[in-house]
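Taking the working numbering, the leading residue of the sequence shown gets 1, the next gets one more, and so forth.
Since the hints were derived computationally from the structure, they do not count as laboratory data.
Restraint ranges, calculated between C-beta atoms of paired labels, are given here:
#: 1; residue 1: S8; residue 2: S119; range: 32 to 40 Å
#: 2; residue 1: Q64; residue 2: G42; range: 19 to 27 Å
#: 3; residue 1: V54; residue 2: K127; range: 38 to 46 Å
#: 4; residue 1: I63; residue 2: I34; range: 31 to 39 Å
#: 5; residue 1: S84; residue 2: E62; range: 23 to 31 Å
#: 6; residue 1: R79; residue 2: W145; range: 28 to 36 Å
#: 7; residue 1: T87; residue 2: V133; range: 28 to 36 Å
#: 8; residue 1: V58; residue 2: D37; range: 31 to 39 Å
The beta-carbon is built from N, C-alpha and C at its ideal position, and this holds for glycine as well.
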Amino acid sequence: NIRDITDSLIYHCEDRKLDENSNVQVSDEKIVGIVNDLFGAGFDTISTALSWAVVYLVAYPEIQERLQRELKEKIGMDRTPRFSDRTNLPLLEAFILEIFRHSSFLPFTIPHCTSKDTSLNGYFIPKDTCVFVNQWQVNHDPELW
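Start from the sequences, fold in the hints, and give me the full structure.
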């Protein structure tokens, strides 16, 4: 029963031991590297997002009260919210997305390379050019937001 990427990696590792001619050959070192990358990326971004959420909730107590009211009305006091509750919690969803947008805890995206010659806003960008997006600027552009 494969539930996530970790289960998939374990499955392929075990499958490799059973069949050395398997199509997927992932070394133990590669698996450790992938898992470290996933945990490292998730830990840093989640802890930073939670820190910003606390900052904004303290700075805007009226929003905190509205969020508490929404949770109490839609979820109640007898259980914790579930991922499936997202559609019933529009204010909380908007608050979380605004935390990600406004805090811009990753000011630049990870580098990408162009797969073909292209142009953007009149600028020619050749194939295999490394491109970074200034995510902070995009997230704070008054024309977009």
